[in-house]
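Participant: In case you want the letters, here they are:
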Amino acid sequence: MSQNFRLKNIGLINRDKKISFKFNGKSYFGYEGDTLASALLANGVHLIGRSFKYHRPRGFFGSGVDEPYAIVQLFRNGESVANIKTTEQELFEDLEATSVNCWPNVNFDIGAINNFLKIFLPAGFYYKTFMWPKSFWHKVYEPFIRKAAGFGVASIKHDQERYEHRYEYCDLLITGSGPSGLASAYAAAKNGARVILAEDKPRFGGTLLTSEVNIGNQTGKEWAENITAELKKMPNVIVKNRSQVFGYYDHNMLVMSERISDHLSKTKKYSPKERLWYIRAKEVVISSGSIERPLVFGNNDTPGVMLSSAAKEYLKVYGVLVGKKPLIFTNNDSGYETAIEFKKNGVEPIILDTRKNPKSEIIDEAKNLNINIKFSYVVVAAKGYKKVKSAEIAKISEDKKELGVVENINCDCICVSGFWTPTIHLASQSGNKTIFNKDIDAFVSGQAKQEETTIGAANGTFTLEETLKDSFNTGYELSKKITSNDNKTPTPAVVEKKSTKHDKFWCVPLPKGKNYKRFLDFQNDVAVSDIEIALKEGYRSIEHVKRYTTLGMATDQGKTSNLNGLQLVSNIENKIVPEVGHTTFRPPYTPVTIGAIVGREVGKHSKPTRKSPIHSWHENNNAVFVDAGAWLRPRYYKQGNETLFEASKREAKNVRKNVGVCDVTTLGKIDIKGPDAAELLNRVYTNAWLKLPVGKARYGVMLREDGIVMDDGTTTRISETHYHMTTTTAQAANILSHLEYYLQIVWPELNVNVVSTTEQWAGAAIAGPKSRNLLQKLFPKIDVSKEGLPFMGYIEGELYGIRARIFRISFSGELAYEVNVESDNGNYMWEKIIETGKEFEIQPYGTEALSTLRIEMGHVAGSELDGRTIPYDNSLEGMLSKKKDFIGKRSLNRKAYVAEDRQKVVGVIPLDKKTSIPEGSHLVKDAKAKLPNPKLGYISASCWSVEYDNPFSLAIIKDGKNMIGQKLFAMSPLKNKTIPVEIVSSHYVDPKGERVRS
Amino acid sequence: MLHIRCPHCGMRSQNEFAYGGDASVKRPELNKEISDLEWDNFVYLRKSLRGKHLELWQHISGCRQWFKVQRDTSTHEIFKTIKANEDI
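The listed protein sequences derive, respectively, from chains A and B. The number in my numbering is simply the position in the first sequence, starting from 1, with 236 added. The number in my numbering is simply the position in the second sequence, starting from 1, with 4 added.
Hints in this document: simulated from the structure, not taken from any laboratory. As the structure is a prediction and not an experimental result, all values here were calculated from the model. Among the hints, a few may not be true.
[Said to hold, decoys possible] Straight line, CA to CA, 27 Å or less: simulated DSS-like cross-link-like pairs of lysine-lysine:
no. : chain 1 : residue 1 : chain 2 : residue 2
1   : B       : Lys30     : A       : Lys1125
2   : A       : Lys734    : A       : Lys603
3   : A       : Lys561    : A       : Lys631
4   : B       : Lys56     : A       : Lys685
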């Protein structure tokens, strides 16, 4: 297809390289350097999609990040991405895109019927209509709205692309490479500052690429290219294009997304698709420029109506005419610049200027070029459905209230300019108040809250001369402050045409008898009438008006609509704009992909995986793993076709009958050293510690200051001033911080050091009646007899040539030991234990068997010490010293804690001795009682008792000590089970604890 | 993300630190008889200030030291950071 709208000798595209692409299944071509938007326009394609609510035809409105309409579903290298702005998407070979929000196709869209029913779809329609009847919501309304709503379709495929995060520090971060950005970057870099210059477009230079100015003896474009080239060569400067600084956070942290591969057919090998930069800048220069405002008139959303600056950019950067019979509708001099460009390229524009008799150098130039200019004229309405075909225009009275006779004028596009809105998003995100500047009818940034400076058009400075002066100076001053260097770069002379004041008029009144839709927000179909309804219904706050009408929402976030919306509200309310205020600017400034935000932290990289040094042995022996915090622990070792239930029963039985070995490396370990170590333990544990002899371990319970049990574990006295503390796997990090807090903040007088040694030691628990026989074989040189190593004893030994610590402690309730060796020797130790244990029929056991063993013994663990229970609840009241103070002790005499009917841990057995009770089941007296059925307690842990071969559970139940022998019901509405049960003692097996002491 | 000066290690990003609450809270001495009200105040009651707040932070991914930060709770401005044994 020929490119009827492409000019020959103008533009920055590479005409030597043709690129073919498809839009809605049809093949086209463009050139290297095109955006999808410019390539489509070159081919005369103006119909891109359908609007959100009324499914009205949509074309192009802008030329960059501000684009409200022209978004597509993009297909690249087998992936599909939603809501891509055609004005930002660069063309690559074999690009494919389709329209969104239309069915069956963009030319004939059934949803467009909404357009003719629009009288029924005013602001708040959804709120009012779909509230009733309630049952209709999820069956009728929601599926319908979901189908009709939204633009693109999210891909359900796993994203194969790689995204990176990078942290960077700099003296100056400069956001935007227009004249102000380039000038300040150059001045600062020349003065020795470390500078990052970020530009969201592929090309540097901003408006210098399209405006007719001279800087020094170069054109604006040449100057921009030369400065950029020089900056790129400097070692203290990072220059980034395709990079949008989208968020300004605390302490001068800004986040930038760099689109590394979006302009390529395929991401290069070893390259990420996008990179997210976290930049901590000493100073930030906000040079983000400004966005042209639309003028509002009838059917101003018709394809072919677009910003005059966009039309100019398509012409000068891409060599594309957006129309051959352009109508320029303007309230300021910017429209003239666009008209002049059309004229110079052989197209006859007509200018409608809302002003009566403005005079300036630019207007004079247009007059000299014999451009047809109509002063005090407005566009009343665009005509045409899928593309502008003509316009209704009229003279407007001096007070801008009366329209003259409506005339029809032929045109194929309407380029509008309603003056300029500074892009203050980043300045506002920084925390700055905004100030309404009456001279430009827009908000600018107030006093900087962080280390930032807004310059150029972003600060409402619209002449190049002033902008360059300010920017060179800002770059110099800020860099001097940081580097103390004093190399000042002189500001070059500027030649530019002077412009005159804009007209405050922006919204054309309706002619009598017509009710054309006049749109404010093009993406969300919010018209003037919708704002009027919202105000009529009593919405006053601009934040409420926004949410009721959806003005300024969605992917463009109202970049072209916000200010006109505010002006309308203030006109109707007879207020001035600053009184109405504006909605809050929040990051991100422009949509950021989830991939970029997540970076590498996906799948296995989302959190570190901690593995014990014995992990590979477990893997080789059919272990099935379970997550325990970041750790992977063997849950059970599968033999043949065993289920979890069968395997854990086998493993637990073997511990009770022979001997088992369990990897307990994950247990938290803290080394405690110092003359006051015993005193520290005495204060953090509830029981007494001062008299624990060297070579002995003791079980301890820690409380929080509010009396709730925090953790439990054993601590062993290795020497007079050296202790080895163990914590539960889950609490290891918290307990270390807890000890450090008390040592550094509360009792700094204690001379103690604590350090985590969790990863320094590998641990194996050897448990079962034959464990002593095994230990004797493992440590033939030391006495591990009942007398030599009594219960809670500690001894050091040598295991096949390596140093080992042996603790006689037990979690399973059996005769048991824990052997620790340095981590590097962990696997060796394990293999020796398994090898030596063969004759005692040793089997490894996992966490599931471990749980079974502790539950039937009535040992409390994480499911009982859940941050809601006190020592009494866990039958740990015997652990509370009466003679000394400890953390949390003062809380234990609270009324509720000493209540007669206080909850307590008990055992629970189903009456049929067959039905397992689901964890979390509620215990109730009467299974058939009316709801809400009073709950007496809950099941905290369940197992299949291998000792008695029937189900057994632990529960925490009100008045637990008087409940033994009661018959209740365990109810699980979740599992739909009601099980008659009997309450028994929590110490189900070996209640006297004879085995551990044997 | 805040930028916090650890008095021992220097300027670091917030993700190296853990917040530790009001630094002005003093734990009652051990073995001291105190009223329920006093204890209750210590365990549960904290002021939720808007403005300058002296608070504890721990440099958990660094030197593991607890230290004090004077911060504005509404603007996040950090005025001063000092060691645990220093007073503002």
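Participant: Does each hint hold? Answer for all of them.
Facilitator: Hints versus structure:
1. As the CA atoms of B:Lys30 and A:Lys1125 are separated by approximately 16 Å, the hinted pair is consistent with the 27 Å bound.
2. With a C-alpha separation of about 15 Å, the suggested pair A:Lys734 and A:Lys603 falls inside the 27 Å cut-off, and the hint holds.
3. The straight-line distance between the Cα atoms of A:Lys561 and A:Lys631 is roughly 20 Å, inside the 27 Å bound, and the hint therefore holds.
4. In summary, the hint linking B:Lys56 to A:Lys685 is supported, as the alpha carbons are separated by about 16 Å, within the 27 Å threshold.
The earlier numbered hints are all upheld by this structure, with none contradicted.
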